[in-house]
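Going down the list, the protein sequences come from chains B and A. Residues in the first sequence are numbered consecutively from 1, following my numbering. Residues in the second sequence are numbered consecutively from 341, following my numbering.
Treat the hints with care, as some may be off.
35 Å max Cα-Cα, derived DSBU-like pairs, lysine-lysine [to be verified]:
1. B:Lys92 <-> B:Lys134
2. B:Lys193 <-> A:Lys593
3. A:Lys635 <-> B:Lys178
4. A:Lys635 <-> B:Lys340
5. B:Lys211 <-> A:Lys635
6. B:Lys134 <-> A:Lys635
7. B:Lys218 <-> A:Lys605
8. A:Lys498 <-> A:Lys454
9. B:Lys138 <-> A:Lys498
10. A:Lys398 <-> A:Lys454
11. A:Lys398 <-> B:Lys134
12. B:Lys17 <-> B:Lys134
13. A:Lys617 <-> B:Lys178
14. B:Lys340 <-> A:Lys617
15. B:Lys198 <-> A:Lys454
16. B:Lys211 <-> B:Lys198
Hints were generated in silico from the structure; no laboratory data involved.
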Amino acid sequence: MPDTQSVWVYIEQNEGKIADVSLELLGKARELADALHHELTGVLCGHRVQDLAQEAIAHGADRVLLADHPELELYRTLPYARVILHLARSRKPEIFLIGATSNGRDLAPRIASALRCGLTADCTDLQIGEYTDKRENKIYPGLLFQIRPAFGGNLIATIVNPRTRPQMATVREGVMHKPAADPARKGAIEEIKPDLEKGDLALTILSRSVKPSTVHLKDSPVIVAGGGGADEAADFQMLRDLANLLGGEVGASRAAVDAGLISAEHQIGQTGVTVRPRLYIAAGISGAIQHRAGMDQSSKIIAINTDPDAPIFQVAHYRIVGDMAEVLPLIIQSLREKAK
Amino acid sequence: MTSESYRSVVLVKQVPDTHNVTGDVMTKDGTMNRGALPAIFNPEDLNALEMALQVRDKHGGTVTVITMGPPKAADVLRDCLYRGADRVILLTDRAFAAADTLATSYALKCAVEKSGAFDLIFCGRQAIDGDTAQVGPQVAEKLGIPQITYAESILELKGREITVQRTLDLGTEIVRCALPCLITVVASANTPRPPSARRRIEYKLAATPLELPALLGKWPEFKSEAGLQKHLAERNQLIPIWAAADIGADPEKIGLAGSPTQVHKVNFVVLESTASKDIAPTREGIAAMIEELVKEYIVG
Chain B
1 MPDTQSVWVY IEQNEGKIAD VSLELLGKAR ELADALHHEL TGVLCGHRVQ DLAQEAIAHG
61 ADRVLLADHP ELELYRTLPY ARVILHLARS RKPEIFLIGA TSNGRDLAPR IASALRCGLT
121 ADCTDLQIGE YTDKRENKIY PGLLFQIRPA FGGNLIATIV NPRTRPQMAT VREGVMHKPA
181 ADPARKGAIE EIKPDLEKGD LALTILSRSV KPSTVHLKDS PVIVAGGGGA DEAADFQMLR
241 DLANLLGGEV GASRAAVDAG LISAEHQIGQ TGVTVRPRLY IAAGISGAIQ HRAGMDQSSK
301 IIAINTDPDA PIFQVAHYRI VGDMAEVLPL IIQSLREKAK
Chain A
341 MTSESYRSVV LVKQVPDTHN VTGDVMTKDG TMNRGALPAI FNPEDLNALE MALQVRDKHG
401 GTVTVITMGP PKAADVLRDC LYRGADRVIL LTDRAFAAAD TLATSYALKC AVEKSGAFDL
461 IFCGRQAIDG DTAQVGPQVA EKLGIPQITY AESILELKGR EITVQRTLDL GTEIVRCALP
521 CLITVVASAN TPRPPSARRR IEYKLAATPL ELPALLGKWP EFKSEAGLQK HLAERNQLIP
581 IWAAADIGAD PEKIGLAGSP TQVHKVNFVV LESTASKDIA PTREGIAAMI EELVKEYIVG
């Protein structure tokens, strides 16, 4: 049993592959663990996933707690929670981070409720800081600052859990940088024997169909996004043409998705995907805070809007006041001429 | 009730309409004027209610709705009555205020237990004021029952087993689960039925005891609150209010005292001013911009 305090990251795996967000979290958790002089522990459940433990170590973990069991092959709330709760109760981590995927958001509240500890959902940043609890007039150094958008993205709140441990948070995919793997990195792999009970198997997965996502917004170097100002299917065809020309993907604001112009998997923003491409073209997007939260870290932003006061212009590097139906063909034409 | 009927509890929330935040709501110092936002029925909770009503339509049984909130949250309960709920309960007490998801789920768990035996609990996937999606799973944990999150549809409900299709970010999953269990419902699951005109008339007097003084102003023929309360109770129009003591809640586990998370600070979202250029929407203007982007290796 390690005497050192630890920062834990839940290593989510699906079909024998570690979820991107878990690797991203290992990068961030490494920083936090170093700042606190804690050990970084990965918690991995599955069946025949030994190889993934080494991958977690290569991405920054000092130790991996590996629960390998046929009943853990596919994620199910109760068996996974049983294994993780048993580990958390005996080893008492200081911090426990989980990716805010659909499985992570299913698991984390179950764990936090059982441990009666605080949990902050969908964090976009994590920091270590000092906090004064005014209720008991006590200073807590080295607390986890859990930073998340609140109130529909109109506020940024910093949440702390001073009195309960672990300090738990789920973190959005794509907001932390994935660390480079170091295959030579050494760490400990501890195999854990799950002690499942009959009640844990109350739910059976009859079938699962994994749909390969055809949209790769998160990794795309260029995103051409349309919003409520795109009022015809023809406008989105133009966005697709431009995206193809630039080797990018088509994104959208909630207004465009709600209007049925494009499917929800293209949605960028607080309730969609967070992206940081090299180039982001926002066409006919007013720039509500909930959209900007998902794209304002892009390297270069071109905004096209007929309204010169549209909030999107406040985060844009290039402001084009005009109708996207007229401006987009000019960009396409200019790029085609350049390519010749 | 037949042996194949099911007792459902639906947990709903009245929320500020955060999807329509206007300038009046945010003040310059970064605080919120919550009063400027309309209070609405949390959208996915309507989908949860609809799923419960469909179970009752098909199999028989009952639909009980519980909400925790301020006295005016009675509005969403009336809405539930208009849409078909059999019984509604308002959980309200100053002691519940400032609860985070852990304290909220504890209070709801106590209320569900007090409400009687149940087979199914339905909640919306998440509420739009916090978007945490935590309360459903936390209530399930506190009740010690399995949870089925992101439910898209009930494929089969037979005996003591339910088969549900879930929508995940990876795809879809079909699961079978023993009852009782808690189900969180996504927006695409169904189209909630509208309030019925007939039930609107039937429940036009529905009110909580806290609303009686205001109601008395509108219905002076009742003369006293006690008289009105008796009249409503006899007609199943009195919406019960449960306080912390009524549900046997441990004062240390509710409200602020029962909430491990604390808000350290809140920042108004400030737009970062970027070095930016105005580009004319002309052939020349656009060409110059593309030229610049090529030079900076952004495109090409």
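Is the straight-line distance between the alpha-carbon of Lys138 of chain B and that of Lys498 of chain A 35 Å or less? violated (55 Å)
35 Å limit on alpha-carbon distance, applied to hinted pair Lys211 of chain B and Lys635 of chain A: violated (39 Å)
Hint consistency between Lys635 of chain A and Lys340 of chain B [alpha-carbon to alpha-carbon, up to 35 Å]: holds (16 Å)
Straight-line Cα separation of Lys198 of chain B and Lys454 of chain A no greater than 35 Å? Judged against 35 Å, a Cα distance of about 27 Å means the pair holds.
Can the restraint linking Lys92 of chain B and Lys134 of chain B be considered satisfied, given a maximum Cα separation of 35 Å? Judged against 35 Å, a Cα distance of about 26 Å means the pair holds.
If you draw a straight line from the CA of Lys398 of chain A to the CA of Lys454 of chain A, is it 35 Å or shorter? holds (26 Å)
Take the C-alpha atoms of Lys211 of chain B and Lys198 of chain B, compute the straight-line distance between them, and say whether it is at most 35 Å. OK: Lys211 of chain B and Lys198 of chain B at ~31 Å, within 35 Å.
Decide if the proposed pair is consistent with the structure: Lys218 of chain B and Lys605 of chain A, CA atoms, cutoff 35 Å inclusive. At roughly 30 Å apart (the allowed maximum being 35 Å), Lys605 of chain A and Lys218 of chain B satisfy the hint.
Restraint status (C-alpha distance of Lys498 of chain A to Lys454 of chain A at most 35 Å): holds (26 Å)
Please verify whether Lys134 of chain B and Lys635 of chain A have alpha carbons no more than 35 Å apart. violated (54 Å)
Check whether the Cα positions of Lys17 of chain B and Lys134 of chain B lie no farther apart than 35 Å. It is violated: about 44 Å lies between the C-alpha atoms, which goes past 35 Å.
Do the alpha carbons of Lys617 of chain A and Lys178 of chain B lie within 35 Å of each other, as the hint requires? This hinted pair holds, its Cα atoms lying about 32 Å apart.
In this structure, the earlier hints numbered 5, 6, 9, 11, 12 are contradicted, and the remaining ones agree with it.
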